[in-house]
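Student: Kindly produce the complete structure, drawing on both the sequences and the hints.
Number of protein chains: 2
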Amino acid sequence: MDKLYVIKIGGNIIDNEVKLASFLADFASIEEKKILVHGGGKLATRLAEKLGIEQQLVDGRRITDAETLKIVTMVYAGFINKNIVAVLQANNCNAIGLCGADGDTILAHKRQHPVLDYGFVGDVDAINTNLINNLLEKNIAVVFAPITHDQQGQLLNTNADTIAQEIARSMSDLYNVQLIYSFEKSGVLLDANDDTTVIPEIKPSSYLQLKSKNKIFAGMIPKMDNAFAALKSGVGKVIIGKAENLKGLINGSSGTTIINE
Amino acid sequence: MDKLYVIKIGGNIIDNEVKLASFLADFASIEEKKILVHGGGKLATRLAEKLGIEQQLVDGRRITDAETLKIVTMVYAGFINKNIVAVLQANNCNAIGLCGADGDTILAHKRQHPVLDYGFVGDVDAINTNLINNLLEKNIAVVFAPITHDQQGQLLNTNADTIAQEIARSMSDLYNVQLIYSFEKSGVLLDANDDTTVIPEIKPSSYLQLKSKNKIFAGMIPKMDNAFAALKSGVGKVIIGKAENLKGLINGSSGTTIINE
Numbered sequence: 001m002d003k004l005y006v007i008k009i010g011g012n013i014i015d016n017e018v019k020l021a022s023f024l025a026d027f028a029s030i031e032e033k034k035i036l037v038h039g040g041g042k043l044a045t046r047l048a049e050k051l052g053i054e055q056q057l058v059d060g061r062r063i064t065d066a067e068t069l070k071i072v073t074m075v076y077a078g079f080i081n082k083n084i085v086a087v088l089q090a091n092n093c094n095a096i097g098l099c100g101a102d103g104d105t106i107l108a109h110k111r112q113h114p115v116l117d118y119g120f121v122g123d124v125d126a127i128n129t130n131l132i133n134n135l136l137e138k139n140i141a142v143v144f145a146p147i148t149h150d151q152q153g154q155l156l157n158t159n160a161d162t163i164a165q166e167i168a169r170s171m172s173d174l175y176n177v178q179l180i181y182s183f184e185k186s187g188v189l190l191d192a193n194d195d196t197t198v199i200p201e202i203k204p205s206s207y208l209q210l211k212s213k214n215k216i217f218a219g220m221i222p223k224m225d226n227a228f229a230a231l232k233s234g235v236g237k238v239i240i241g242k243a244e245n246l247k248g249l250i251n252g253s254s255g256t257t258i259i260n261e
Numbered sequence: 262m263d264k265l266y267v268i269k270i271g272g273n274i275i276d277n278e279v280k281l282a283s284f285l286a287d288f289a290s291i292e293e294k295k296i297l298v299h300g301g302g303k304l305a306t307r308l309a310e311k312l313g314i315e316q317q318l319v320d321g322r323r324i325t326d327a328e329t330l331k332i333v334t335m336v337y338a339g340f341i342n343k344n345i346v347a348v349l350q351a352n353n354c355n356a357i358g359l360c361g362a363d364g365d366t367i368l369a370h371k372r373q374h375p376v377l378d379y380g381f382v383g384d385v386d387a388i389n390t391n392l393i394n395n396l397l398e399k400n401i402a403v404v405f406a407p408i409t410h411d412q413q414g415q416l417l418n419t420n421a422d423t424i425a426q427e428i429a430r431s432m433s434d435l436y437n438v439q440l441i442y443s444f445e446k447s448g449v450l451l452d453a454n455d456d457t458t459v460i461p462e463i464k465p466s467s468y469l470q471l472k473s474k475n476k477i478f479a480g481m482i483p484k485m486d487n488a489f490a491a492l493k494s495g496v497g498k499v500i501i502g503k504a505e506n507l508k509g510l511i512n513g514s515s516g517t518t519i520i521n522e
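Chains A and B supply the protein sequences, listed in that same order.
Start counting the first sequence at 1; every next residue gets the next number (the working numbering).
Start counting the second sequence at 262; every next residue gets the next number (the working numbering).
Note that these hints are calculated values from the structure, not bench results.
Using N, Cα and C, we set each Cβ at its ideal position, and we do this for glycine too.
Fair warning: there could be bad hints in the mix.
[Stated by the list, open to error] Here are the simulated BS3-like cross-link-like pairs (lysine-lysine), alpha carbons at most 30 angstroms apart as the crow flies: (1) B/LYS484 - B/LYS280; (2) B/LYS399 - A/LYS138; (3) B/LYS303 - B/LYS508; (4) A/LYS185 - A/LYS19; (5) B/LYS264 - A/LYS110; (6) B/LYS311 - A/LYS50; (7) A/LYS3 - A/LYS213; (8) B/LYS311 - A/LYS42; (9) B/LYS446 - B/LYS399; (10) B/LYS371 - A/LYS19; (11) A/LYS203 - A/LYS3; (12) A/LYS138 - A/LYS3; (13) B/LYS399 - A/LYS3; (14) B/LYS280 - A/LYS110; (15) B/LYS280 - B/LYS264; (16) A/LYS42 - B/LYS303; (17) A/LYS50 - B/LYS303; (18) B/LYS508 - B/LYS446; (19) A/LYS138 - B/LYS264; (20) A/LYS215 - A/LYS232; (21) A/LYS138 - B/LYS371; (22) A/LYS185 - A/LYS223.
[Unchecked claim] Coverage of chain A stretches by chain B, computed from C-beta distances (three or more under 8 angstroms per stretch; other residues unrestricted): (23) 82-89; (24) 102-114; (25) 139-153.
Tutor: Shown next, in the form of structure tokens:
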């Protein structure tokens, strides 16, 4: 099977124009098929503040009310998504920017919770691999904003990590998928405060060991659990590391690689 | 050749949620292949006002400065484009929302003018008919926001009427293109203030007559000239009329049809 890179970029690199341009040049230079999933950075929060829209918190959790949905749709699916695509085009990488409503690529439903109403937050139901694959086969990189839809006309705000994972899973019937979570840390660290303590490789058995010795810090556990779930669903490899080292994450010289035994 | 509808919707219907929903239901029900090009409505102006961004006018002409470009990218390519797509999906019409940077569908250059600097305004150079046709062949309606790019990483604000016309021209090698400009008036009127004086059909010879008798009011002349230019470039038919009568514009019972002799 051909390799397919599904790469998530975190918010803080989006806020830094120079770092983002460098990351996108690296992304453009990947010769294999590729999908980029981006988050939102601080732009949406800043715009909401300027417009005097207060962030809704219920029990300490963020709620996506109608006004917030409007802002994230504008910022994520409009400003950020289209600028990323334009920069990729300038790097000779043909790209297309989509949200989940486009081509019905990501179908979701409004999150149901017994007590909390998260507002317009979507949990993913299905990925339209057909259209995505058709675009990839034309050597078009697909760039997803973290907005989905419910097929009833409602757009929904959806976690970008989850979108990357669901796309990676779904595409693994067709490709040897390499799922990369690129963010501000250098990888999974033995010491959360020391960026030089990257664990180069983690397998299920070593993960259990690390966990039992409390060597994996708490914030990392959901990411790791998601990574192993992705591997179980057929994803070839999950790589976690610094967005600025994208080339290293791909050639294996940087970051943490999570693989099955 | 198969029919292809290229339909432009004007700004004021976008500002009216009920009328827009009804228009989109009509659009969704078109069985032939179809492309929608939308303008921006007053949302962008309102957002700019809320953010205290003043509209730049030079010699009475609107200038797209960097802040305005940011706003139109958010509003047109983000909020409006994605909501239109979500509503079409709810009407069982598979659709994909693009700006000109996506898939390099609309290449443009920053407008050059001997005296005025229009800012980030783009004039169209080329349409990527290949990708557009590929999507149409999958029965996906393509929805364009009036934002283009220059392949150097710059997004550009581009007139939606022009985009509709350029797409219609380019696609007429492949399809019998029906270009529809839908707006608030019922068609080309003999009396600009009387919506019942629609001229049902205009051909080049009758246009010259109407013009010589000053029966075509000034505001309509550029639209008419564009319509005849489109016909010259191979477009099958140009129809001008009320967005609320989209079905009538298609079946010929409403609006003004502009055709060659």
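Student: Give a verdict on every hint.
Tutor: Here is how each hint holds up against the structure:
| no. | hint | result |
| --- | --- | --- |
| 1 | B/LYS484 - B/LYS280 | 23 angstroms, holds |
| 2 | B/LYS399 - A/LYS138 | 14 angstroms, holds |
| 3 | B/LYS303 - B/LYS508 | 25 angstroms, holds |
| 4 | A/LYS185 - A/LYS19 | 14 angstroms, holds |
| 5 | B/LYS264 - A/LYS110 | 38 angstroms, violated |
| 6 | B/LYS311 - A/LYS50 | 9 angstroms, holds |
| 7 | A/LYS3 - A/LYS213 | 35 angstroms, violated |
| 8 | B/LYS311 - A/LYS42 | 19 angstroms, holds |
| 9 | B/LYS446 - B/LYS399 | 33 angstroms, violated |
| 10 | B/LYS371 - A/LYS19 | 26 angstroms, holds |
| 11 | A/LYS203 - A/LYS3 | 21 angstroms, holds |
| 12 | A/LYS138 - A/LYS3 | 15 angstroms, holds |
| 13 | B/LYS399 - A/LYS3 | 25 angstroms, holds |
| 14 | B/LYS280 - A/LYS110 | 26 angstroms, holds |
| 15 | B/LYS280 - B/LYS264 | 26 angstroms, holds |
| 16 | A/LYS42 - B/LYS303 | 26 angstroms, holds |
| 17 | A/LYS50 - B/LYS303 | 19 angstroms, holds |
| 18 | B/LYS508 - B/LYS446 | 15 angstroms, holds |
| 19 | A/LYS138 - B/LYS264 | 25 angstroms, holds |
| 20 | A/LYS215 - A/LYS232 | 23 angstroms, holds |
| 21 | A/LYS138 - B/LYS371 | 28 angstroms, holds |
| 22 | A/LYS185 - A/LYS223 | 13 angstroms, holds |
| 23 | 82-89 | holds (count 6) |
| 24 | 102-114 | holds (count 3) |
| 25 | 139-153 | holds (count 6) |
In this structure, the hints that do not hold are numbers 5, 7, 9, in rising order.
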